[in-house]
Amino acid sequence: MMRQISYYQAPEAEIGSKPNRWDIIALFLILGVFAALAWAATQMKAPYQVGHPLPISLDPSALPGYAAKTVLRMFIALLFSFLVTFTIAPIAAKSRQAEKLLIPLIDILQSVPILGMLSITIVLFIQLFPNSLIGPECAAIFAIFTSQVWNMILSFYQSLRTTPKELYETAAMFHLSFWQRFWRIEVPYAIPGLLWNTMVSMSAGWFFVVASEAISVSNQEIMLPGIGSYIRVAITEGNLPAMYYAIIAMLIVIFLYDQLLFRPLLTWGERFKMDRVDDIHPPRAWVYQLLTKTNWLKFIQIICREISEFCLNSPHCKMPSLHKSTLHTRYSKVFIWFWNGLLVFGVICSSVLLWNFITKAVSCVEIRHVFFLGMITGLKVTILIIITSLIWVPIGILIGLRPEASRFIQPIIQFLAAFPANLIYPLIVTVIIRYHLNVEIWSTPLMVIGTQWYILFNIIAGAATIPNDLRLVTKNLGVKNWLWWKRLALPATFPYYVTGSITAAAGCWNASIVADVLEWGPHKLVATGLGSYISQYTTSGDFPRIALGIGVMSFYVLVINHLVWRRLYNYAASRFTME
Amino acid sequence: MSNEPLIRLENVQKSFTNPEGKKLLVLDDINFTLHENEIVALLGKSGSGKSTLLRIISGLVTPTEGSLYFRGKTVQGPVHGISMVFQNFALLPWLTVLENVELGLEAQGMPRKLRRPKALNAIDTIGLDGFESAYPKELSGGMCQRVGLARALVVEPELLLMDEPFSALDILTSENLRNDLLQLWTDKRTRTKSILIVTHDIEEAVLMADRIIIFSTDPGHIQAEIPVHLSLPRDPQSDEFRQLLDKIYTLMTISERAKVTQTHAKTTILHPEYAYRLPEVSVSELIGLLESMEDHEVEDKIDLPQLADELHLDINSLFPLTEVLDMLHFTTISNGDLVRLDAGIKFAAADILERKNLFAKHLLKYIPLAQHIREVLDNNPNHRVSQNIFLDELRDFLTEDEAERLLRIIIDWGRYAEIFAYDYDAGLLSLENPQ
Chain A
1 MMRQISYYQA
11 PEAEIGSKPN
21 RWDIIALFLI
31 LGVFAALAWA
41 ATQMKAPYQV
51 GHPLPISLDP
61 SALPGYAAKT
71 VLRMFIALLF
81 SFLVTFTIAP
91 IAAKSRQAEK
101 LLIPLIDILQ
111 SVPILGMLSI
121 TIVLFIQLFP
131 NSLIGPECAA
141 IFAIFTSQVW
151 NMILSFYQSL
161 RTTPKELYET
171 AAMFHLSFWQ
181 RFWRIEVPYA
191 IPGLLWNTMV
201 SMSAGWFFVV
211 ASEAISVSNQ
221 EIMLPGIGSY
231 IRVAITEGNL
241 PAMYYAIIAM
251 LIVIFLYDQL
261 LFRPLLTWGE
271 RFKMDRVDDI
281 HPPRAWVYQL
291 LTKTNWLKFI
301 QIICREISEF
311 CLNSPHCKMP
321 SLHKSTLHTR
331 YSKVFIWFWN
341 GLLVFGVICS
351 SVLLWNFITK
361 AVSCVEIRHV
371 FFLGMITGLK
381 VTILIIITSL
391 IWVPIGILIG
401 LRPEASRFIQ
411 PIIQFLAAFP
421 ANLIYPLIVT
431 VIIRYHLNVE
441 IWSTPLMVIG
451 TQWYILFNII
461 AGAATIPNDL
471 RLVTKNLGVK
481 NWLWWKRLAL
491 PATFPYYVTG
501 SITAAAGCWN
511 ASIVADVLEW
521 GPHKLVATGL
531 GSYISQYTTS
541 GDFPRIALGI
551 GVMSFYVLVI
561 NHLVWRRLYN
571 YAASRFTME
Chain B
1001 MSNEPLIRLE
1011 NVQKSFTNPE
1021 GKKLLVLDDI
1031 NFTLHENEIV
1041 ALLGKSGSGK
1051 STLLRIISGL
1061 VTPTEGSLYF
1071 RGKTVQGPVH
1081 GISMVFQNFA
1091 LLPWLTVLEN
1101 VELGLEAQGM
1111 PRKLRRPKAL
1121 NAIDTIGLDG
1131 FESAYPKELS
1141 GGMCQRVGLA
1151 RALVVEPELL
1161 LMDEPFSALD
1171 ILTSENLRND
1181 LLQLWTDKRT
1191 RTKSILIVTH
1201 DIEEAVLMAD
1211 RIIIFSTDPG
1221 HIQAEIPVHL
1231 SLPRDPQSDE
1241 FRQLLDKIYT
1251 LMTISERAKV
1261 TQTHAKTTIL
1271 HPEYAYRLPE
1281 VSVSELIGLL
1291 ESMEDHEVED
1301 KIDLPQLADE
1311 LHLDINSLFP
1321 LTEVLDMLHF
1331 TTISNGDLVR
1341 LDAGIKFAAA
1351 DILERKNLFA
1361 KHLLKYIPLA
1371 QHIREVLDNN
1381 PNHRVSQNIF
1391 LDELRDFLTE
1401 DEAERLLRII
1411 IDWGRYAEIF
1421 AYDYDAGLLS
1431 LENPQ
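Residue numbers (my numbering), protein chains in the order written: chain A, 1 to 579; chain B, 1001 to 1435.
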């Protein structure tokens, strides 16, 4: 036991060796990405005047540049999402008073249709940065940010609340400071969940980045250079080849994002998982392997480690370790009463304000009409979810039961889920126009194109968790056909189905704003629904009506969530989980 | 060496307040000192509050009443000089073995140049060399606990606290690790002056400790203190060892029996009889134990340590069983022996239906909660009552969790005995059979 020879080699020993071939590939990769983003950034601060449209070229050679700008917007939004997540979530997790306000607030903000909000925020940002493209740029980034940030906050908050007690005790026993505990224990513990949610957010973000780049507010077209505007111009000009170029460019962007970022990060995130699962097929990503094999990158890794060493452990960064029990007792009863009173007051004030704002411009009859439109959209969403479920549930179960098939198909579905469905819309519009199809019926499926994948995705995951024993025993007893579906497959995947459908349905509501009004060249197709109502008044800049539309949509989403989905979810959790 | 004790506890008491605002006493009247150069074992069933006591000593939990001194100074929060080994290791899975061991030094602000050799040295001492760059996920449980031990020892604590450190490991691994730890201790290769270990394994306590403190439940208090004068390493087969083991078993079962009858007496005053606690055991375990006694030469009597050994049961699983059999008047305990009563013998020999009848008879006769539920169901015109009614009743005297646990146990027993039926989906207790 007292052997002095140590097999351990400090990583420092490896820096000196000369670069290997992996280094060169990795270097070019990294430099390429940096260069593209830097160029895009310089283009963003161009001077700009409202009403003065930026020229968008439909030349395919301009597409890589537009794509780079679109990507950059995504990343800036992501950066802000992380900043906000790292500040809001700890506050909600550590303070009971803040938690009471923040968590329901985030829950509501999640259901607010982002695209409807865009028209309001864009005006604000243009006022903030007059005569500069930064205004609309900020509005677009803000829209992406609001599509990403909520579930990231919830995920981080959840992790903070569920961090094992023993890890906290370890931190206390070894006298870790508040700051050290955050970075050494709380953040790493949250990484797998946070990473997954970030990736889901990013996938949804592509849809909004495309939608928010080109927007008409108050009868003016504001276009930011990017793939979204490119498509917008292609639509107004009815230029079909340009459409295809844009779709191909987007496919390439998503592919690169998937390969260069998504997969390597998921592989890296594996190490932060708590449970010791003996996974025979850990996720592999070639980029991750490349990065771990290069020597130069190891050097960067060591620099990062030294920085973290400096930031975490040096004495002047040391903060006092907060003692847990003193934290809550500090709030006196008076303060809690005061705080609750303030909340109630705030809620009353804002609802009165909103009511006045809307009723000044809109009659009660119209409000009733908007609720009716909401019902129509709700009906559409319900029908869509039923139809897509009928299609994808059986297929998903069959895929999920075959591990080889699902390993092959899962990445493809993730890819499809990330692809912004609004790029496909114009293609379908051309079909509707050519064959003179009914707009009310045929525009509806557009809402679900982008979000149906969540159902399929979750069903596959659910089917994969059906224990092999259960599959064997049903085979052994001769349970077949419909009985097999009724007794095994459907109940076993039900909890997963509910989770998938919640996401899919919420996405449908949001997409209706884009999918209800369709254009192609001189043609304009409008379907009845809440989506077209919001979209129409966004164009004309009628703010009370936009507020009304958004309010009604949020109302429907919230009510349906609480009355239907949450109950189904709880029922599924108590009745159909494999425990 | 000073004569001042390392740790001194005076009249320590701990209570928690549950969400309904009720105060629950977990530890009561703890007086205890820990000196240098001794290993002390805190022995008790799970839920006896011994882990809470360990956390109070570590400074992680503050006592409600009483005072705690480390080297004569009052303890408020974790202090330097005490470190702890956790039951489930509590390693950070995202750090390598080396980084995990360095954690405590890092928190002290020690620069890498200084802390790395120290950590490597601790890793060597504990027999982990070769695993420095491994992640905890790659290691077996035994190896993980070695990392936990190295991490605790590298900060050179005067007092090492161990919270059931071997209970998550298999028998061979825990024996191996225990021997290595004792070797380190007798060779004085660590700077640790004293070890306090919490355990529910009686043999482990006798193998390691210079002093054994027996803990009893409801609320947790020190029942007895037994010095062990055998020299290390100890031979589990020796007569002295066996005698000591017997003594502790007897002591602990006496306390269990005393408690059963005592709570009987006490509860009639404070709460209705039906609300007293039942140990969590399943019917099949009870039957299994009664049946296993068939096979013995002296049929109706068996030495408890021997029984525990044969059935590979630790006290956490054995004592609840004997307790319930005692309540049901199937067995009784005398002088450290488990004795089968007439009903127990009859039960073991009966067929399935007869067993159910006998069980039902004893359940209704001796378990007040079963009686109570049956009475309510009999008096109800539909013979159907929601479980929430009973839960509400129990909640008046017990915590939320305890009430649910109690109802779950009695539903399990009642279903077996067929004294009532239960519908999970509707949450209904009834006298009907399923349609």
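These aren't lab readings, by the way, just hints derived from the structure by calculation.
Bear in mind the structure is a predicted one, so any value in this text is a computation, not a measurement.
Hints may be right or wrong, so weigh each one.
[Said to hold, decoys possible] With a Cα cut of at most 25 Å, we get these calculated SDA-like pairs of lysine to any residue: (1) B:K1188 <-> B:H1035; (2) A:K524 <-> A:P445; (3) B:K1118 <-> A:Q301; (4) A:K165 <-> B:K1188.
[What the hints assert, rightly or not] Quick look at which bits of chain B chain A covers, simulated, 3 or more residues with Cβ under 8 Å: (5) 1080 to 1086; (6) 1098 to 1108.
[Unchecked claim] Label pairs and their calculated CB-CB ranges: (7) A:I91 <-> B:D1378: 27 to 35 Å; (8) A:N340 <-> B:E1280: 50 to 58 Å; (9) A:I91 <-> B:P1117: 52 to 60 Å; (10) A:E270 <-> B:S1231: 36 to 44 Å; (11) A:I336 <-> B:G1288: 50 to 58 Å; (12) A:R161 <-> B:E1010: 34 to 42 Å; (13) B:K1188 <-> A:K94: 54 to 62 Å.
Glycine included, every Cβ here is placed at the ideal spot set by N, Cα and C.
Does B:K1188 pair with B:H1035 here, judged by a C-alpha cut-off of 25 Å?
-> Given that 25 Å is the threshold and the Cα spacing comes to 16 Å, the pair holds.
Range agreement (Cβ of B:P1117 with Cβ of A:I91, hint 52 to 60 Å) | violated, 40 Å
With respect to the beta-carbon atoms only, verify the hint that A:E270 and B:S1231 lie 36 to 44 Å apart.
-> violated, 49 Å
For the pair supplied as a hint, A:K524 and A:P445, is the alpha-carbon distance within the 25 Å limit?
-> With Cα atoms ~17 Å apart, A:K524 and A:P445 stay inside 25 Å; holds.
For A:I336 and B:G1288, compare the CB-CB distance with the range 50 to 58 Å and indicate the outcome.
-> holds, 53 Å
Go ahead and decide if the range 54 to 62 Å is satisfied by the Cβ distance of B:K1188 to A:K94.
-> Since the Cβ atoms of B:K1188 and A:K94 sit about 44 Å apart, the hinted range of 54 to 62 Å is violated.
Is the distance from the Cβ of A:I91 to the Cβ of B:D1378 consistent with 27 to 35 Å?
-> Cβ of A:I91 to Cβ of B:D1378: about 55 Å, so the range 27 to 35 Å is violated.
B:E1280 and A:N340 - C-beta distance against the hinted 50 to 58 Å = violated, 40 Å
Within 8 Å of chain A (C-beta), three or more residues of the region 1098 to 1108 of chain B = holds (count 6)
Per the coverage rule (Cβ-Cβ under 8 Å, at least three residues), is the region 1080 to 1086 of chain B covered by chain A?
-> It holds, with 5 qualifying residues against the three required.
Restraint status (C-alpha distance of B:K1118 to A:Q301 at most 25 Å) = holds, 24 Å
Are the Cα atoms of A:K165 and B:K1188 separated by 25 Å or less?
-> With a Cα-Cα distance of about 32 Å, the restraint between A:K165 and B:K1188 is violated, given a limit of 25 Å.
Of the numbered hints listed earlier, those contradicted by the structure are 4, 7, 8, 9, 10 and 13.
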